[in-house]
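Trainee: Sequence:
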Amino acid sequence: ESAGEVFIKEVRLKDGSLVKIRYIDVDDALLLLEMYNSLSQDTIYNRFFVFRDKLTIEEAEKMAAISKKDEIALVGVVNRGSSPAIIADARIYIEGDTGEIGIVVHDRWQNKGLGTALVSELIREGEKRGLKRLKIYCLPDNRIMIHVGEKLGFKCTMSELGVVRMVLDLPSTKRSE
Numbered sequence: 001e002s003a004g005e006v007f008i009k010e011v012r013l014k015d016g017s018l019v020k021i022r023y024i025d026v027d028d029a030l031l032l033l034e035m036y037n038s039l040s041q042d043t044i045y046n047r048f049f050v051f052r053d054k055l056t057i058e059e060a061e062k063m064a065a066i067s068k069k070d071e072i073a074l075v076g077v078v079n080r081g082s083s084p085a086i087i088a089d090a091r092i093y094i095e096g097d098t099g100e101i102g103i104v105v106h107d108r109w110q111n112k113g114l115g116t117a118l119v120s121e122l123i124r125e126g127e128k129r130g131l132k133r134l135k136i137y138c139l140p141d142n143r144i145m146i147h148v149g150e151k152l153g154f155k156c157t158m159s160e161l162g163v164v165r166m167v168l169d170l171p172s173t174k175r176s177e
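Here our numbering is used: the first residue of the sequence shown is 1, the next is one more, and so on.
If you're looking for bench data, these hints aren't it; they were derived computationally from the structure. In this text the structure is predicted, and so the values were computed from the model without any measurement. Treat the hints with care, since some could be wrong.
Unchecked claim - No more than 25 Å apart at the CA atoms, straight line, and that leaves these computed lysine to aspartate or glutamate pairs for DMTMM-like:
no., residue 1, residue 2
1, Lys9, Glu150
2, Lys128, Glu95
3, Lys69, Asp107
4, Lys132, Asp107
5, Lys9, Asp42
6, Lys151, Asp97
7, Lys69, Asp53
8, Lys69, Asp141
9, Lys151, Asp27
10, Lys20, Glu121
11, Lys62, Glu150
12, Lys151, Glu127
13, Lys128, Asp97
14, Lys135, Asp27
15, Lys69, Glu95
16, Lys128, Asp15
17, Lys112, Asp97
18, Lys132, Glu160
19, Lys69, Asp42
20, Lys20, Glu34
21, Lys128, Asp141
22, Lys69, Glu160
23, Lys69, Asp97
24, Lys132, Glu95
25, Lys151, Glu59
26, Lys128, Asp169
27, Lys112, Asp42
28, Lys20, Glu59
29, Lys68, Asp141
30, Lys14, Asp27
31, Lys151, Glu121
32, Lys14, Glu121
33, Lys54, Glu34
34, Lys135, Glu150
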């Protein structure tokens, strides 16, 4: 079962680079593995809230083969010579009418507008799916993520665990049949 058109759009970053945003594909495991295993520990910590070992191929395969019912996953892709490279992974984990966003942009590609472009696409995907709200949790010192959330209209609060909780209520766009 396909998520519709795989390719979503091409975005031009602040430095002029072109990045394709598309749905993740089951064949992306090796590209995901390569990206995750070249991230800095800080970036990994900001994404998973823990320092962790390298991703295994089994974990990468699981991340690439999503359940479309419970998850929406987009990747940012650039061409590296003749082969593509994944430089960002952005997801919505769906529970009921709420989605939780998880996103990571490779260190070399941060602060260029890609995170904002990806979260904007996830907001659109959430609206298409009929979700009522999106949440992002991030660490208080993850200023980039907080800036992206605020710019896109998320309301920030501190959660009891000392984590920043950002919430965006979505307009209900899904028509009941």
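Trainee: Now tell me if each hint is right for this structure.
Mentor: Hints versus structure:
1. Lys9 / Glu150: Measuring from Cα to Cα gives roughly 23 Å; hence the hint holds.
2. Lys128 / Glu95: 15 Å, holds
3. Lys69 / Asp107: 30 Å, violated
4. Lys132 / Asp107: 31 Å, violated
5. Lys9 / Asp42: Outside the cut-off at roughly 29 Å; violated.
6. Lys151 / Asp97: 23 Å, holds
7. Lys69 / Asp53: 29 Å, violated
8. Lys69 / Asp141: The hint is violated at about 32 Å.
9. Lys151 / Asp27: With Cα atoms ~33 Å apart, Lys151 and Asp27 exceed 25 Å; violated.
10. Lys20 / Glu121: Since the Cα atoms of Lys20 and Glu121 sit roughly 12 Å apart, the hinted pair holds (cutoff 25 Å).
11. Lys62 / Glu150: 31 Å, violated
12. Lys151 / Glu127: Holds, because 18 Å separates the two Cα atoms, which is no more than 25 Å.
13. Lys128 / Asp97: Holds, at roughly 12 Å.
14. Lys135 / Asp27: The hint is violated at about 28 Å.
15. Lys69 / Glu95: 10 Å, holds
16. Lys128 / Asp15: Violated - the C-alpha atoms of Asp15 and Lys128 are around 30 Å apart, more than 25 Å.
17. Lys112 / Asp97: 31 Å, violated
18. Lys132 / Glu160: Roughly 23 Å between the alpha carbons, so the hint for Lys132 and Glu160 holds.
19. Lys69 / Asp42: Answer violated: Lys69 to Asp42 is near 31 Å, above 25 Å.
20. Lys20 / Glu34: With a Cα-Cα distance of about 18 Å, the restraint between Lys20 and Glu34 holds, given a limit of 25 Å.
21. Lys128 / Asp141: 32 Å, violated
22. Lys69 / Glu160: 30 Å, violated
23. Lys69 / Asp97: Roughly 12 Å separates the two Cα atoms, so the pair holds.
24. Lys132 / Glu95: 11 Å, holds
25. Lys151 / Glu59: 32 Å, violated
26. Lys128 / Asp169: 14 Å, holds
27. Lys112 / Asp42: 18 Å, holds
28. Lys20 / Glu59: 24 Å, holds
29. Lys68 / Asp141: Violated, at about 32 Å.
30. Lys14 / Asp27: Violated, at about 29 Å.
31. Lys151 / Glu121: Holds - the C-alpha atoms of Glu121 and Lys151 are around 14 Å apart, at most 25 Å.
32. Lys14 / Glu121: Measuring from Cα to Cα gives roughly 17 Å; hence the hint holds.
33. Lys54 / Glu34: The given pair, whose Cα atoms are some 10 Å apart, holds under the 25 Å limit.
34. Lys135 / Glu150: This hinted pair holds, its Cα atoms lying about 12 Å apart.
In terms of the numbered hints stated before, the structure departs from hints 3, 4, 5, 7, 8, 9, 11, 14, 16, 17, 19, 21, 22, 25, 29 and 30, listed from lowest to highest.
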